[in-house]
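What follows is the residue order along each chain.
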Amino acid sequence: MESIKILIVDDETDASEILSLRLRRRKMQTFTAANGQEALDFLKTTPVDIVLLDVKMPGMDGIEVLRHIKRDHKDIEVIMLSGHADMDVATQGLELGAFFYQLKPIDLESLCHKMEDACKQRELRHKG
Amino acid sequence: MLSLLTRLFKRSEATPSTAEESFAARFHRFRLFLSAHIDAYSEIMAFEERLASEHPLGLPFIRMTLAKLTVATMQCIMQLNALSNQGYTRLNAPFAALRAAVQDILNQGTCPLEGPLVLPIHAITQEHRLLVSPNILKICPIRDAHPEFVAPGFVVTGAAWWLYFNNADMHEEIDRIMLISQEDPGSYGEAAATIRERIPASFPLPETLCNEVGKALEPLKELLGKPDNSLLVRCFPTLPEHGALVMPEQVLHGPITDTQAILQSLHTAMTMAYRPRAMIYRLKLGIRDRGMPFCVSFSVIPTKQARGSAHRNLDPQSGSDLVIHLRRKVSTTEDPPQGYAEDARLPDSLHESVARHCLTALDCLADAPIRGNRHEVYWAASENHDFYLLGVTSLPDPHPAEEAHPAEPQAAAHTITLHGGKTTYPGSVTGPPILVRNLRDALAFPIGGVLVVDLAAPRWTFLLDFATGAIAREGSDQGIFARVARRNGRPTVIGYPGALDLPTRGTTLRLNAPMHQEARATLSSKPLPIRSEHTARTAAAGGTAKDAPEPAFPNADAPSAAAPISGGHDAQKAQDTQIGHTWLPTSTVAAIARELAPKVALLSFSGTDDPNFRAENCVSFHDFITYSHDHAVAEMFRHGTSRKGAQAPAKQLVCDVPKQFWIINLDDGFYGDIKGPTVPLEEIASLPMRSLWEGFSDKPWDGPPQINARGFLSVLFEATQNPNIDPASQSTHYTEKNVFLIARRFCSMRCRFGFHFLSLDALLGERERERFIIFQFKGGAANMARRVRRVQFVAELLAQFDMATEIVGDTLTARMEQGDETAFLSVLRVIGYLVMHTRQLDMIMSDEIELAKRRTDMLADMKRLALRPPLVLP
Numbered sequence: 032m033e034s035i036k037i038l039i040v041d042d043e044t045d046a047s048e049i050l051s052l053r054l055r056r057r058k059m060q061t062f063t064a065a066n067g068q069e070a071l072d073f074l075k076t077t078p079v080d081i082v083l084l085d086v087k088m089p090g091m092d093g094i095e096v097l098r099h100i101k102r103d104h105k106d107i108e109v110i111m112l113s114g115h116a117d118m119d120v121a122t123q124g125l126e127l128g129a130f131f132y133q134l135k136p137i138d139l140e141s142l143c144h145k146m147e148d149a150c151k152q153r154e155l156r157h158k159g
Numbered sequence: 002m003l004s005l006l007t008r009l010f011k012r013s014e015a016t017p018s019t020a021e022e023s024f025a026a027r028f029h030r031f032r033l034f035l036s037a038h039i040d041a042y043s044e045i046m047a048f049e050e051r052l053a054s055e056h057p058l059g060l061p062f063i064r065m066t067l068a069k070l071t072v073a074t075m076q077c078i079m080q081l082n083a084l085s086n087q088g089y090t091r092l093n094a095p096f097a098a099l100r101a102a103v104q105d106i107l108n109q110g111t112c113p114l115e116g117p118l119v120l121p122i123h124a125i126t127q128e129h130r131l132l133v134s135p136n137i138l139k140i141c142p143i144r145d146a147h148p149e150f151v152a153p154g155f156v157v158t159g160a161a162w163w164l165y166f167n168n169a170d171m172h173e174e175i176d177r178i179m180l181i182s183q184e185d186p187g188s189y190g191e192a193a194a195t196i197r198e199r200i201p202a203s204f205p206l207p208e209t210l211c212n213e214v215g216k217a218l219e220p221l222k223e224l225l226g227k228p229d230n231s232l233l234v235r236c237f238p239t240l241p242e243h244g245a246l247v248m249p250e251q252v253l254h255g256p257i258t259d260t261q262a263i264l265q266s267l268h269t270a271m272t273m274a275y276r277p278r279a280m281i282y283r284l285k286l287g288i289r290d291r292g293m294p295f296c297v298s299f300s301v302i303p304t305k306q307a308r309g310s311a312h313r314n315l316d317p318q319s320g321s322d323l324v325i326h327l328r329r330k331v332s333t334t335e336d337p338p339q340g341y342a343e344d345a346r347l348p349d350s351l352h353e354s355v356a357r358h359c360l361t362a363l364d365c366l367a368d369a370p371i372r373g374n375r376h377e378v379y380w381a382a383s384e385n386h387d388f389y390l391l392g393v394t395s396l397p398d399p400h401p402a403e404e405a406h407p408a409e410p411q412a413a414a415h416t417i418t419l420h421g422g423k424t425t426y427p428g429s430v431t432g433p434p435i436l437v438r439n440l441r442d443a444l445a446f447p448i449g450g451v452l453v454v455d456l457a458a459p460r461w462t463f464l465l466d467f468a469t470g471a472i473a474r475e476g477s478d479q480g481i482f483a484r485v486a487r488r489n490g491r492p493t494v495i496g497y498p499g500a501l502d503l504p505t506r507g508t509t510l511r512l513n514a515p516m517h518q519e520a521r522a523t524l525s526s527k528p529l530p531i532r533s534e535h536t537a538r539t540a541a542a543g544g545t546a547k548d549a550p551e552p553a554f555p556n557a558d559a560p561s562a563a564a565p566i567s568g569g570h571d572a573q574k575a576q577d578t579q580i581g582h583t584w585l586p587t588s589t590v591a592a593i594a595r596e597l598a599p600k601v602a603l604l605s606f607s608g609t610d611d612p613n614f615r616a617e618n619c620v621s622f623h624d625f626i627t628y629s630h631d632h633a634v635a636e637m638f639r640h641g642t643s644r645k646g647a648q649a650p651a652k653q654l655v656c657d658v659p660k661q662f663w664i665i666n667l668d669d670g671f672y673g674d675i676k677g678p679t680v681p682l683e684e685i686a687s688l689p690m691r692s693l694w695e696g697f698s699d700k701p702w703d704g705p706p707q708i709n710a711r712g713f714l715s716v717l718f719e720a721t722q723n724p725n726i727d728p729a730s731q732s733t734h735y736t737e738k739n740v741f742l743i744a745r746r747f748c749s750m751r752c753r754f755g756f757h758f759l760s761l762d763a764l765l766g767e768r769e770r771e772r773f774i775i776f777q778f779k780g781g782a783a784n785m786a787r788r789v790r791r792v793q794f795v796a797e798l799l800a801q802f803d804m805a806t807e808i809v810g811d812t813l814t815a816r817m818e819q820g821d822e823t824a825f826l827s828v829l830r831v832i833g834y835l836v837m838h839t840r841q842l843d844m845i846m847s848d849e850i851e852l853a854k855r856r857t858d859m860l861a862d863m864k865r866l867a868l869r870p871p872l873v874l875p
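For the protein sequence lines, the chains are F and Z, in the order given. Residue numbers for the first sequence follow the numbering used here, beginning at 32 and rising by one. Residue numbers for the second sequence follow the numbering used here, beginning at 2 and rising by one.
It should be emphasised that the hints constitute simulated quantities derived from the structure, not laboratory data. Mixed in with the good hints there might be a few duds.
[Unchecked claim] Covered stretches of chain F, going by a simulated chain Z footprint (3 or more residues, C-beta under 8 Å):
(1) 54-67
(2) 125-133
(3) 146-155
[Unchecked claim] Listed next, the in silico SDA-like pairs over lysine to any residue satisfying Cα-Cα at most 20 Å (straight line):
(4) F/K158 - Z/E769
(5) F/K87 - F/D138
(6) F/K145 - Z/E769
(7) F/K151 - Z/T209
Remember, predicted model here, so these are calculated numbers, not experimental data. Positions of the beta carbon are idealized from the N, C-alpha and C atoms, including for glycine.
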């Protein structure tokens, strides 16, 4: 877990900075992007293991970004983060290949467990 | 030590083969399935617990739970499909149908309003009921007779409120903020402030509304341009049943030439729906945000004015026809606060003028002096006797006031005189005295309580909808709180210095507040009418389709409390069935929760043997996770035992229990690479399996109990009737092998012992949240009645070790979730013992003496095992 690279995509930069700081304290390598396009541009040059993706963003929303990531970077696991308890969006996200849909406020312990599971899945997929 | 080193060496030496990696990948998927299964089950439990609790339910909580449950259930289905090569896609359609049905229910309970967005005061008629507050609407008859009494102005209607607030994005944002506040009343103030800041910043007023307001302002321009006029902006709920909620008013001082300032005040007024008091009020009424429409009234009044209200005198001994409550002396709103105008009086001539105008206005309403059609009018008056009517409320008929103090109701009771308190509204009421200091107290205030507050402040008026009466340490009988007490007909005493010292725990208070004597309070230790938590929980627990679920809330059939308590004695009767609740059990949100409860928690199948246990028959989240769990486990066993999946074939366990067991290692369940068809117990590295085994092998089985003649006949008869114990049947539980799927911290067992079938799944991961044991016990050779008695016997024993048990038919399901690993290991030993020692007990289920002996002996053994130090494996 310590060596994993995480991209946090959230238009609320304060929130993403705080999350980034908390994950860095756990020795994870984090990057942030303030919108979907910035995230997709970043992924073109920098491979990451996991994307933590906010659902509600101006411009390209999280679902659209997820669609692009799953098309162009099949290997990256995406965990959707949302403050919106919307069953349909959650379902759509999972159908499009999100590893998990995490409602805010985020319980860091639980999020780390999900990231650990996502990494393990990725690792096993590689071996298979 | 040598053995340990050998094991460790073997482990490090073993390099996993491709086949094992495939197993590891499958096991990881299965573990993800189990994690989602636990998440889903936890959400179902949380929903049931919340329904059974007395804590008001908000839509944000319901939506959050349903979203989490949807995610977890969908993950169960997806992982099941991944484990089975997409073998269960037939679950998708019924799951989509369930989501659609749930969404339909979640969309209920709004109050859409259509009509004019803005109405000049002179254009309002009775047709605008629902769009305009009754306070304003009741002015119409007075306005028709005396147009000069009505302050010039207009009302932004409930239709405008709906136009603005019926915005999905806005409510997503509001829900998001509420979710972050975790529905904690302690953080309501902060959440409310954030919402009131975000709404105007992110959601501008609709352009059509701004244009309509602009048009309504045109005829007022001249008046508003004068420096001695002000614009009074007030926000009211439009439905009469929400009238106990009082919002702060805004005053814009003249000259006002900037339309933007007025629109700004409208925007602020609109967001008052998100004042903490309004939010708590809606929670207690059980209505959603869009179920409480508001209107905003704009009235031009003189900047320097007196304000107050008036109603006919209830007191025949008074000698005066009218009571005038003076809220503010002649002053401007910019003057320093006056405090409560207890001793204030209007100048005589102005007093007479106001009284005359008020009586004239009341005459227009055909106001009756004592009974029937009573009203209170709100007025403003200038120094030069200009009189403006600002609103009218109906008053209930007075309670039959007890002018003389009655005898004390109980010998144990004691009565105190509320020296210094002033009766604001007379009458006698009884209820538990409840001190409200903050929003948390307000949320927990029970229907039928006597409200005790430090200050009779406007922020607590909404509680008068739920209280039988009120006692305040401070305040004024001229103020807003007193006005709402009169409107709601709540006997109220204001200004009793000892209010906060009244005992509020475990007592009942009878408040006797006569008009012309000091009020008295009789306190007794009569039990409070608080509902039994256990009863409520049982009612909410649901059950199977066969034993139809109880409504999640008691009193679901109670009379509608849309008009909670307010409005006199008839409404009081409706309240009687709701006493003790902290929110209305008949409310819209309660109805939504009740409608959702079976879709969340009901299990439609009596068991996995139920012929209806099919994907297309899953109609609740509980159905889906039960079905998925059963089939995911079956897929794992199938994969482990089938030829195709036998890359890591099942190995026979070499042990001292005289029974054949087959072991499938999912990941790291063996110490190293075991060659050959068998595996010794010592090579098993699975902590849950080895702990279970401690119970298996603790004490040899005594053999079958002595069967009496009736027990034997029951076995014979059942053997001819029950296909599950027919050895010729190929597809029964009982013809399957006894198999363990194991990993270091996981164990899944499917076993047949005698004629009963057992299953156990246990995960003891490092994550405390994900630890669980699910144990199922079913079947037997005796008849149904004896089999049921046996599972009851086993359930009673397991319950002593903190397992939650549920019996459906002859199937017992016992669960333990989230907790300390040592406790899990204890329970596994206990279950292992039970598995061994309950064999053929169904034969003696009608022999009470033998049964009691067995119970005592077994319990002693189980307690001893439970206390044994936990197994430590290398």
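To see whether the hints hold, each was checked on the structure:
1. 54-67: violated (count 0)
2. 125-133: holds (count 3)
3. 146-155: Contact hint for the stretch 146-155 of chain F vs chain Z: holds, 4 residues under 8 Å.
4. F/K158 - Z/E769: Cα-Cα ~28 Å, so violated.
5. F/K87 - F/D138: Status holds; Cα separation ~19 Å.
6. F/K145 - Z/E769: holds (14 Å)
7. F/K151 - Z/T209: violated (55 Å)
Checked against the numbered hints given earlier, this structure breaks hints 1, 4, 7; the rest are met.
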